[in-house]
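Enquirer: As a plain string of letters, each chain reads:
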Amino acid sequence: MNICECIPHVALLRNLFEILPFFLTIFLLKLLAGLLIFMFWYLPAYTDFIDPGADIPDEDDRRLHRRPLLPREDEQEDVEEIERRIQERYARSLNVEYDEEATDVEQQALLPSVRDPKLWMVKCAIGREREVAVCLMQKCIDRGPELQIRSAVALDHLKNFIYIEADKEAHVKEAIKGMRNIFTGKIMLVPIKEMTDVLSVESKAIDISRDTWVRLKIGTYKGDLAKVVDVDNVRQRATVKVIPRIDLQALSNKLEGREVPKKKAFTPPARFMNIDEARELHIRVERRRDPATGDYFEKIEGMMFKDGFLYKNVSLKSLSTQNVQPTFDELEKFRQPGETGDGDMSSLSTLFANRKKGHFMKGDRVIVVKGDLRNLKGWVEKVEEDTVHIKPNEKGLPKTLAISDKDLCKYFEPGNHVKVVSGATEGATGMVVSVEGHVVNLVSDTTKELIRVFADNVVESSEVTSGVTKIGDYELHDLVVLDDNSFGVIIRVESEAFQVLKGVPERPDVALARLREIKYKVDKKIFAKDRYKNTLSVKDVVKILDGPCKGKQGPVEHIYKGVLFIYDRHHLEHAGFICVKSDSCMMVGGSRANGERNGNSLTSKFSHLRTPPRVPHSPMRPPRGGYGGHNNFGGRGGGRGHDALIGATVKIRLGHYKGCKGRVKDVKAIDGNLGPFAVDRSHISDNVNVTPSRETSRYGMGSETPMHPSRTPLHPYMTPMRDSGVTPYHDGMRTPMRDRAWNPYTPMSPPRDNWEDGNPGSWGTSPQYQPGSPPSRAYEAPTPGSGWTNTPSNNYNEAGTPRDSGSAYANAPSPYLPSTPGGQPPMTPSSAYLPGTPGGQPMTPGSGGLDMMSPVVGADSEGPWFLPGILVNVRRPGDDTTPGVIREVLPVDGSSKIALGSSGNGDVVTALPNEIEVVPPRKLDKIKIMGGAHRGATGKLIGIDGTDGIVKVDDTLDVKILDMVSLAKLVQA
Amino acid sequence: MVNQGGGGSVAVAQIPTSFGHELRACLRCRLVKTYDQFRESGCENCPFFQMEDDHERVVDCTTPNFTGLISVMDPTRSWAARWLRIGKFAPGCYTLAVSEALNPDLQNICEEEHVPYVPPKRV
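Top to bottom, those sequences are chains A and B.
According to the working numbering, the first sequence is numbered sequentially starting from 99.
According to the working numbering, the second sequence is numbered sequentially starting from 29.
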């Protein structure tokens, strides 16, 4: 055994040579020589211990000579100094050989150079990395120096590969030849720059000890937060407490021998164990006393519970201690009932242990959370290693106090603007609204959500950010499909996960999905049908008809599998997203005709009107202008005795709520985004949108005239009526008296001159047109201010109902009258009227008057706006599309008489509106304006800018920018 | 039994006889062996811990928590060994990093023996 003890000694001596100056080596040489002789002398007796191929003396000789040669120059310079140093060193001990290694040499100096061996990456069987490395070691021992590899590295985090250090690839090949678990196929050289990375592993910094927060790495509780209760370092196990995820029903089934589905489709949600509940399910609960601690546990099926927590014995390896970072919610859950904020001091200490360097900085406002000085506030003056010098806020204390950083916590006051620097909401900024101990509540700048974070995780900052809105390919508000084929909308992006509002219409279900749990993003254009079989596409505004969110409305953001995600910015939960089935919704402005499209020409006309692309669905472009005319139709209030505005959607034009839209709840109130509030009605602008139900009812009321086509909920129904002017009622209206009655209004119109100029023959002769004519004032008076434009249309309405004609004027001053005018350009009547009497149009002066007063004209409306003289394409089933020119628009169902041929020379046919398509004009075409204030006017399209057309109006020579959708090519007869 | 190295006239440390959870690493030199190997033969690089005499010492001086494994065949000429500062130890299997530090008593022993001890760097 003697030799066995000697050999480590040799190694020791060899190491000495590396640091000893030359003259000392002579002495050592002698010593070594003696040793070698000694060894060789006894070698034969121990051959079974020593590799037979060893050429020890040669090897060592070479080293002895080579190594000490290098320091020769130094030694000549100051031999004595070195001698002194060496002696000093060796006077202490012979074991100092590690000194150099431990202290003097910077890691930097050890960086690999080209002369160093290289690292080669070799593929091996998965899970056998360590084994392979150890086997290589054994092989090298067995085979001796013939294998020239230097080392073999197996990394824990790199599966399937090991690294082999050698000078040449051939050496690697030689070494791995015949090895069972190594695949010899490919040997990859590690670039010299990456060599250090291979060997850099972070040592696990935090030991697992009592009260440490950890996360479980495997099983049902994977990713769950747990608190260490006890650690058995010898057995490498720990007892942790977690919030149980136990499906009691399934457990009960199992215990009673009932069928238990094999497949674990889902992980039961984490919730505290309720022993009573378990007993109710006839699950046997034992009460046991832990002999070690004296605590009582409830034992169910071998599982130990205490205070609702599950106490689980796990392997230390299955616990993750790195970056545990318990979120606020998790800690909140863990807190025992009755435990106050101070109760989790221990957990705080774990949090503090996770603090990064430079946590506190000069100027930080801090509060002492431990010790005698607890609750003392102050500012950080200076930070040392573990000690923070603070300047206390209180008088009578020393200028600065040194306090352990573990006893300090950052402190914020309401009103501070802060940024979250770690945790799930990392990156978000907001204003502190309240502080509870070490917890800070802040309102996010962007989402306006309340965020609860630890004071530790925020810093004061004036920055305003939303935090992350994108991870990988997925962004906030994307529709994604998850692992389990469920889908949903991303409503919040956290630092490592998404909050997804699942596509479950019954109740809002928010899931937290990590990046890898998302399968893909849905980008397809998908359509759905609403309750009334209207085709819905993204951006259509819908109203929810039933369910918990009944009554809410907003644009459709996503459609998937018949489920809509609607964005209602007044919905304060789930980032404003509401998930509903498509058939519990109705498209705003959609038909309620329940799919009887073909049977009902009016409906079909309507559906045509809503579906063609020119009807803007986009919420970004709500129908321009209101349906002022409609209001007026219903304006008489029917039997309801309500203001016509009630139910109308209006936009507030002036004042504090300028730009807000809302529905009129009462004549005194509007529901805007801040709840009902009163707005001066004169501040209300045009009706931006009207919900169909309201429309319908109004039309119903307006339709007291049997002949009136307004039975349909279509606003554009006025068109035929106005243009035709052939119905008896209309004729009836064209009595001289009526004309006179109307006249007063026209002179009030600013563009009256145009109007008069344009129609000298038909109107100019009438003396009643003179401005300021007394009778007109009489009617005008009750509607002071801006009311006048509407008044005529209202009157018209009334006039359209013969029975009521007597009371029409009396009704004129009704309070709703002045409500609509705001948005109606005063220009409207006359300008619209003007082109309404072009040459070829079968229009009498009377009908012209009607035209002027037509609600559509008055309103800045959208709709099917066919007018005589425009070029259209007629498309009928079975037929090709043929161009034609509208000659006449019939009043009954909105169908039009169309002269076929692009110049209108062909046969005259009658076509339904849904068979007609307006030919969009091209640049420099003569056009006719079909909608808006200038409806009926002709002009020239002098330019196109996106969806807008630049039009030079013939009569006024004004240049207007109008929506291309409202322009049609004019064909002069 | 101690394996005795041929190549460099240097004793090779024991090679782990298994690759599972029994493996432990010496907290000072990071040598990796099984618990039993440490108990029977101690640590080749740190004989002063005398683990073979006191089995309790094995638990104190070694840890099962380590990351990565490197077999060093030729410590003097291996760059990796030099980088990891195990170039002066016996050939054998080492770990790249241990997560714990020696307890103060054992650190005192190192000091008495004038052997350096570098505690693991905390992240």
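Hint data in this document are derived by calculation from the structure and do not stem from the laboratory.
Built from N, CA and C at the ideal position, the CB exists for glycine as well.
Watch out, some of these pointers could steer you wrong.
[Claimed, not checked] Now the in silico label distances, taken between C-beta atoms and shown as ranges: (1) B:E80 / A:R343: 45 to 51 Å; (2) B:P147 / A:E272: 35 to 41 Å; (3) B:E139 / A:E547: 53 to 59 Å; (4) A:Y394 / B:E80: 49 to 55 Å; (5) B:E139 / A:A348: 57 to 63 Å; (6) A:R369 / B:P147: 40 to 46 Å; (7) A:R387 / B:E80: 55 to 61 Å; (8) B:E139 / A:R369: 51 to 57 Å; (9) B:H83 / A:N583: 44 to 50 Å; (10) A:N351 / B:H83: 46 to 52 Å.
[To be verified] SDA-like, lysine to any residue: derived pairs with alpha carbons at most 20 Å apart: (11) A:K489 / A:C507; (12) A:K315 / B:V146; (13) A:K415 / B:R113.
Enquirer: None of the hints should be skipped; say for each whether it holds.
Expert: Okay, the hints, checked on the actual structure:
Range check, E80 (chain B) to R343 (chain A): Cβ separation about 47 Å, and the 45 to 51 Å hint holds. The given range of 35 to 41 Å is respected by P147 (chain B) and E272 (chain A), whose C-beta atoms sit roughly 39 Å from each other. Checked against the hint of 53 to 59 Å, the C-beta distance between E139 (chain B) and E547 (chain A) comes to roughly 56 Å, which is consistent with it. The supplied range of 49 to 55 Å is broken by Y394 (chain A) and E80 (chain B), whose beta-carbon atoms lie about 44 Å from each other.
Judged by the Cβ atoms, the range 57 to 63 Å given for E139 (chain B) and A348 (chain A) holds: they are separated by roughly 59 Å. A hinted range of 40 to 46 Å holds for the C-beta pair R369 (chain A) and P147 (chain B), which are about 43 Å apart. Between R387 (chain A) and E80 (chain B) the CB atoms are about 41 Å apart, so this pair departs from the stated range of 55 to 61 Å. For the pair E139 (chain B) and R369 (chain A), the beta carbons lie near 53 Å from each other, so the given range of 51 to 57 Å is met.
At about 56 Å, the beta-carbon gap between H83 (chain B) and N583 (chain A) misses the expected band of 44 to 50 Å. A hinted range of 46 to 52 Å holds for the C-beta pair N351 (chain A) and H83 (chain B), which are about 49 Å apart. With a CA separation close to 14 Å, the supplied pair K489 (chain A) and C507 (chain A) stays within the 20 Å bound. Pair hint K315 (chain A) plus V146 (chain B) does not hold up; C-alpha atoms about 31 Å apart against a cutoff of 20 Å.
Our distance criterion of 20 Å between C-alpha atoms is broken by K415 (chain A) and R113 (chain B), whose separation comes to about 27 Å.
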